[in-house]
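Asks: One-letter residues, chain by chain:
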Amino acid sequence: MARYRIKIDREKCMGMGVCVLSASEIFDQDEDCKAIALTAEFDEITDALDEAVHSCPTRSIELVEKTD
Amino acid sequence: MSNGQEQTIEFPVDRPSIFEFPEIYQELQENQPFAKVKLKLDGSEAWLLTRYDDVRTVLVDPDVSADPTSEGYPQITAGHRETAKRPGDFVYMDDPEHHKFRSLLTSEFLVKNLRGMADDIADIVDGLAQDLLKAESVMELVDDFALPVPSMVICRMLGVSYDDHDFIQEVTKPRLKINNTAEESVAAMTALIEYLDKVVTDKEKNPTDDILSRLAAKVETGEITYDEVVNISRLLVSAGHETTANLISLATVLLLQHPDQMAALLADPDLAPSATEEVLRYTSIVHTTPRRTALKDIEVNGHKIAKGEGIIPLTAMANRDASVFPDPDQFDITRGARNHLAFNYGPHHCLGANLARLEMQIVMQRFYQHFPGLRFAKPFDEINFKMDSLMLGAYELPVTWDQ
Chain A
1 MARYRIKIDR EKCMGMGVCV LSASEIFDQD EDCKAIALTA EFDEITDALD EAVHSCPTRS
61 IELVEKTD
Chain B
1001 MSNGQEQTIE FPVDRPSIFE FPEIYQELQE NQPFAKVKLK LDGSEAWLLT RYDDVRTVLV
1061 DPDVSADPTS EGYPQITAGH RETAKRPGDF VYMDDPEHHK FRSLLTSEFL VKNLRGMADD
1121 IADIVDGLAQ DLLKAESVME LVDDFALPVP SMVICRMLGV SYDDHDFIQE VTKPRLKINN
1181 TAEESVAAMT ALIEYLDKVV TDKEKNPTDD ILSRLAAKVE TGEITYDEVV NISRLLVSAG
1241 HETTANLISL ATVLLLQHPD QMAALLADPD LAPSATEEVL RYTSIVHTTP RRTALKDIEV
1301 NGHKIAKGEG IIPLTAMANR DASVFPDPDQ FDITRGARNH LAFNYGPHHC LGANLARLEM
1361 QIVMQRFYQH FPGLRFAKPF DEINFKMDSL MLGAYELPVT WDQ
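Chains as they are written, first to last, in this note's numbering: chain A, 1 to 68; chain B, 1001 to 1403.
Heads up, some of the hints might be wrong.
Sample of chain B residues with no beta-carbon within 10 Å of chain A, all distances over it, derived [said to hold, decoys possible]:
hint, residue
1, Arg1015
2, Val1060
3, Glu1071
4, Thr1106
5, Glu1136
6, Asp1163
7, Thr1190
8, Asp1209
9, Thr1289
10, Asp1321
11, Asn1339
12, Ala1353
13, Arg1366
14, His1370
15, Ala1394
So, partial list: chain B residues that the calculated Cβ filter (under 7 Å) puts toward chain A [to be verified]:
hint, residue
16, Ser1107
17, Leu1110
18, Val1111
19, Tyr1345
20, Gly1346
21, Pro1347
22, His1349
Derived by calculation from the structure, the hints in this document are not laboratory data.
Glycine included, C-beta positions come from ideal geometry on N, C-alpha and C.
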């Protein structure tokens, strides 16, 4: 089972698209311009994913480590 | 600076040269990351923050305000103090109000919605280059290229006539001077608003496929007022003109100063995106803002800031923080770090960032290919840089090339 899950706070997200720039294979934006994850679960954190999470200007993306 | 030996620092401190920060900022970043400074404009005090992590922490704090009418907001120009916060001026609003206005424009600047502009921008860049090659052996890069590119692009996107670009440049200039007087600033702003008032009225009557027409249509639906549309148009016109023009000028200066990097870029145009990020980080043209104030007592990474105290989280210095950008004073187009704060951070992260990136990438990829042996046409020391401006850049940049 995958270790990490992407959590996006749609309230905070302002659609700046910085995550899409960092990791276009993982993130996209829906019709409200809000970030969406094309793949939600990961075994490891790639550089692109890490950059997307840490560069989000509104800190709307979180990587949750699964405990089970 | 040794401990206990307080000295008064007047903000902003003059730069020694276009790409160098005042030595005192570097000392503060090392030894006193939260420093009380005195504002040159009115002698009031504010906290100057120079480290990457502290700057980011402040800029996402919901108890920190970007509203210049909030108590303690650090003003640095007379003009901005006089004209603070007009209807729809979301740059100077806090959420949720700021978010409401901004979301009316978000989709216009999405990466995927800008893709269609890429070919247009490439045509503009190549077209200007070919005209210059035909006509002359020396170009004034600022007026002949750096300004026309973003000006043509933003005029097209907004639906404003490019024929009016001289007027637009004339009336956006005064507000960028640090030493502007309130009168100059107000007069320039009024002239631009009168002009845009006519444009927006026209868009209401005869809508076309552009941003201002789409904004004007929202007056009818009650999402926004007419005055707000006019002011937001002013924001978009101003922001779309000067910013990228300054970046293009300074990118060229940097590449001419670093011939090895110019050669690398010419040999491999795929370096353009990475080079763009490095130009953004290294130049950090917005060098005296953002400015904020605390709406309540807050703590920033263990440091207390009281309600009503002004804060200057200096993103430009954060971009030279060695703990995030190794060897930060080195210009290196292969660095490729996108986590710089040149577009600000937090809810006020630049709305036009994706457009600016796209324009810069296309310029970096294509423009220099047209001009073999590009070089300064006057010594670097004699170039007139915008040291007296809120946005760094060059007033002139004469260059020549192998004919």
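Asks: Taking the minimum C-beta separation from valine 1060 of chain B to chain A, is that value above 10 Å?
Replies: About 6 Å separates valine 1060 of chain B from the closest Cβ of chain A, which leaves it inside 10 Å; violated.
Asks: Looking at asparagine 1339 of chain B again, its CB stays over 10 Å from all of chain A?
Replies: Answer for asparagine 1339 of chain B: violated, closest chain A Cβ roughly 5 Å.
Asks: Verify that the Cβ of arginine 1015 of chain B lies farther than 10 Å from every Cβ atom of chain A, and report whether the claim holds or is violated.
Replies: Holds, because the least Cβ-Cβ distance between arginine 1015 of chain B and chain A comes to about 26 Å, which exceeds 10 Å.
Asks: Identify whether the interface hint at serine 1107 of chain B stands, where standing means a beta carbon of chain A within less than 7 Å of its own.
Replies: Holds: closest Cβ of chain A sits about 5 Å from serine 1107 of chain B, inside 7 Å.
Asks: Against chain A, does glutamate 1071 of chain B hold up as non-interface, every C-beta pair farther apart than 10 Å?
Replies: 25 Å, holds
Asks: Aspartate 1321 of chain B clear of chain A by more than 10 Å, beta carbon to beta carbon?
Replies: 14 Å, holds
Asks: Hey, is arginine 1366 of chain B genuinely clear of chain A, shortest beta carbon separation above 10 Å?
Replies: 21 Å, holds
Asks: For the hint on glycine 1346 of chain B, just tell me whether its beta-carbon gets within less than 7 Å of chain A.
Replies: Since the shortest Cβ distance to chain A is 6 Å, the answer is holds.
Asks: Take a quick look at glutamate 1136 of chain B and tell me if its Cβ sits farther than 10 Å from every Cβ on chain A, holds or violated.
Replies: Nearest chain A Cβ is 37 Å from glutamate 1136 of chain B, so the label holds.
Asks: Using Cβ atoms and 10 Å as the threshold, tell me whether threonine 1190 of chain B really stays out of contact range of chain A.
Replies: 31 Å, holds
Asks: Given tyrosine 1345 of chain B was flagged as interface, is its beta-carbon under 7 Å from a beta-carbon of chain A?
Replies: Hint holds; tyrosine 1345 of chain B Cβ to chain A Cβ min 5 Å, cut 7 Å.
Asks: Confirm or reject: histidine 1370 of chain B is not an interface residue toward chain A, with every Cβ-Cβ distance exceeding 10 Å.
Replies: 28 Å, holds
In terms of the numbered hints stated before, the structure departs from hints 2, 4, 11, 12, listed from lowest to highest.
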